Amino acid sequence: MAESTHLATTRPADSATLALREPDDTAALEAGLDALDAPPPADAPSAVRRVLRAAGPPLVAAVTLTVLWQAVVALGWQPPSVLPGPGAVWSSFLDGLRSGAVGHAVSSSLGRGLVGFGASLVAGTLVGLLLAQVRLVRDGLGPLLSGMQSLPSVAWVPAAILWFGAGDGAAYAVVVLSAVPSIANGLLAGVDQVPRGFDRLATVLGASRLEAVRFVTLPAALPGYLAGLRQGWAFSWRALMAAELIAPSVQRGQGLGVLLDAGRRAADMPLVLAAILLILLVGIAVEVLLFRPLERRVLRQRGLEV
Amino acid sequence: MSLATLLRRAPEAGAVDPLDADFALRVQGLTKRFGDATVLDALDLQVRRGEVVSVVGASGCGKTTLLALIAGLDRPTSGTVDTPSGRPALMFQDATLLPWLTARRNVELALRLRGLGRAERTVEASRLLAAVHLAEHADARVHELSGGMRQRVSLARALAQGSDVLLMDEPFAALDAITRDTLHDELLRAREQTGATVLFVTHNVREAVRLGDRVVLLSSRPGRVVREWVVPIAHPRRIESPEVGALSVEITEHLREEIRRHG
Numbered sequence: 001m002a003e004s005t006h007l008a009t010t011r012p013a014d015s016a017t018l019a020l021r022e023p024d025d026t027a028a029l030e031a032g033l034d035a036l037d038a039p040p041p042a043d044a045p046s047a048v049r050r051v052l053r054a055a056g057p058p059l060v061a062a063v064t065l066t067v068l069w070q071a072v073v074a075l076g077w078q079p080p081s082v083l084p085g086p087g088a089v090w091s092s093f094l095d096g097l098r099s100g101a102v103g104h105a106v107s108s109s110l111g112r113g114l115v116g117f118g119a120s121l122v123a124g125t126l127v128g129l130l131l132a133q134v135r136l137v138r139d140g141l142g143p144l145l146s147g148m149q150s151l152p153s154v155a156w157v158p159a160a161i162l163w164f165g166a167g168d169g170a171a172y173a174v175v176v177l178s179a180v181p182s183i184a185n186g187l188l189a190g191v192d193q194v195p196r197g198f199d200r201l202a203t204v205l206g207a208s209r210l211e212a213v214r215f216v217t218l219p220a221a222l223p224g225y226l227a228g229l230r231q232g233w234a235f236s237w238r239a240l241m242a243a244e245l246i247a248p249s250v251q252r253g254q255g256l257g258v259l260l261d262a263g264r265r266a267a268d269m270p271l272v273l274a275a276i277l278l279i280l281l282v283g284i285a286v287e288v289l290l291f292r293p294l295e296r297r298v299l300r301q302r303g304l305e306v
Numbered sequence: 001m002s003l004a005t006l007l008r009r010a011p012e013a014g015a016v017d018p019l020d021a022d023f024a025l026r027v028q029g030l031t032k033r034f035g036d037a038t039v040l041d042a043l044d045l046q047v048r049r050g051e052v053v054s055v056v057g058a059s060g061c062g063k064t065t066l067l068a069l070i071a072g073l074d075r076p077t078s079g080t081v082d083t084p085s086g087r088p089a090l091m092f093q094d095a096t097l098l099p100w101l102t103a104r105r106n107v108e109l110a111l112r113l114r115g116l117g118r119a120e121r122t123v124e125a126s127r128l129l130a131a132v133h134l135a136e137h138a139d140a141r142v143h144e145l146s147g148g149m150r151q152r153v154s155l156a157r158a159l160a161q162g163s164d165v166l167l168m169d170e171p172f173a174a175l176d177a178i179t180r181d182t183l184h185d186e187l188l189r190a191r192e193q194t195g196a197t198v199l200f201v202t203h204n205v206r207e208a209v210r211l212g213d214r215v216v217l218l219s220s221r222p223g224r225v226v227r228e229w230v231v232p233i234a235h236p237r238r239i240e241s242p243e244v245g246a247l248s249v250e251i252t253e254h255l256r257e258e259i260r261r262h263g
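Going down the list, the sequences are from chains E and G.
The numbering used here puts the first residue of the first sequence at 1, with every later residue one more than the last.
The numbering used here puts the first residue of the second sequence at 1, with every later residue one more than the last.
Hint data in this document are derived by calculation from the structure and do not stem from the laboratory.
Mixed in with the good hints there might be a few duds.
As the list claims (entries may be wrong) - Just so you have them, the derived chain G footprint on chain E, three or more residues with Cβ under 8 Å:
(1) 25-36
(2) 86-95
(3) 119-130
Unchecked claim - Here are some chain G residues pointing at chain E (derived, C-beta under 8 Å):
(4) PHE23
(5) SER59
(6) ASP94
(7) LEU98
(8) TRP100
(9) HIS133
(10) ALA135
(11) ASP139
(12) VAL142
(13) THR179
Computed from a predicted structure; not experimentally measured.
By construction, the Cβ of each residue, glycine as well, lies at the ideal position given by its N, Cα and C atoms.
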């Protein structure tokens, strides 16, 4: 009873306020809410500061390790022919730089590595797509592909030499066989992580299967795919060094593996260490200059990393 | 007593008038079983062109399953879904925006999959984003938008599908009250402008009354229509208004009754 009196008295006033509320008020209210609710823009640190923050700690670590290395050498624990100091390795590196041997080795290895990686990218992506789309193929080949990731790439070298001869062909074969599983698995992992809601969305929007893959599944799988590419590159580079060491190829020139082997044959320990450090540095450089910015861009775009 | 004068009750639960051919959505004998569990049992529901129907029910009443069947995301065990105007649009509980696209591109994707050309897409997306008051945020990425803004983009995208039937799966459940209220206004305004038919699923009875021309109560396990109410309250309505409150109390009473049956 009390409620109905309440209804009767409040209704007219209520309708009057309501009439005033629509529709401009909604726009103003929303503008206010948007201003209050929107997540604050992340303050992006300046480029200089970012580089300093990223490069600082590794540089300090490198310098520290070099000092420790020099200290161990200075103790005279091992003869310099077995454990040369940083200075000797540095001058060996400079000699190689002056003679052009270092530049040649780096460019020929890097060229071979990138060509091999490019081929792996195409092959790995196709294999990954096939596995992601066809259940039966995935059930059959999925475990094999995962297992291949733990197969040391060196194991492929003898087979590759017998198939393609001790040249570039063998090197490419080893690189591709080592990188394809990582790339395909990365794509697969990326596709598996696509939220189910996205697939439903594609259906609701009336996408064909191909459109769903192109506009929804693949872009959604991109972070996993990039992680796969990154690992694929690491495996490519390792595999290539193994191949060059065992089967020095000549068509594209002599690579870092050959430089390493030359050092071993001449019992030139500074050259061996310089070559190892170069292999390490090239691997890191490709990662830092190519993959990390790419990954960073993709993650930032999605608000997953600032 | 006050309610009796306020409400005109629908004659029969789930009744489908065979003469009423002007429907935008018709569900007949819809049954869905998952293994031994019957989620929906011979559900009948008809929605007139331009009507807003709210569906309420307790957890497990198959609300989401019902929408999935209507949207064609799943197949019914038996029964039919008829939407004469073609594939319905669906607005999800979480906005389900694609995080690698801007607000504008999310809307444009729906237009693109409808077959619109590039120039048309640009114009149409601008119009739709302006309609939900997001023109200024068109180029923002999803993570730069608040929850309410995301659902407005989602609404713009649903409208971009150009469908006469809009299905909504608790789209405002995760929003705060004020934001939800503005989205109610937004939805009804969009409905007025487009004449779309809306099937709105929610567990929030007040929201159901605030929006619906009709409120349908589903039973749980199995889900079927147990009762329905025609909402006689004139627009614009407010969720806090006594009329909305009174009807909500009555519907909630029946909803509780339904839940108690499972105790």
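Now the hints, each set against the structure:
1. 25-36: Coverage by chain G holds here, the residue count being 7 at a Cβ distance below 8 Å.
2. 86-95: That given contact is violated, which follows from only 0 residues of the stretch 86-95 of chain E lying within Cβ reach (below 8 Å) of chain G.
3. 119-130: Violated: only 0 residues of the stretch 119-130 of chain E have a Cβ under 8 Å from chain G.
4. PHE23: violated (21 Å)
5. SER59: Constraint on G/SER59 not satisfied, violated at 19 Å.
6. ASP94: Holds, about 7 Å.
7. LEU98: With a minimum Cβ separation of about 7 Å from chain E (threshold 8 Å), the hint on G/LEU98 holds.
8. TRP100: At 5 Å from the nearest chain E Cβ, G/TRP100 passes the 8 Å test, so the hint holds.
9. HIS133: holds (5 Å)
10. ALA135: violated (11 Å)
11. ASP139: violated (13 Å)
12. VAL142: At about 7 Å, which falls below the 8 Å cut-off, the nearest Cβ of chain E leaves the hint on G/VAL142 intact, so it holds.
13. THR179: holds (6 Å)
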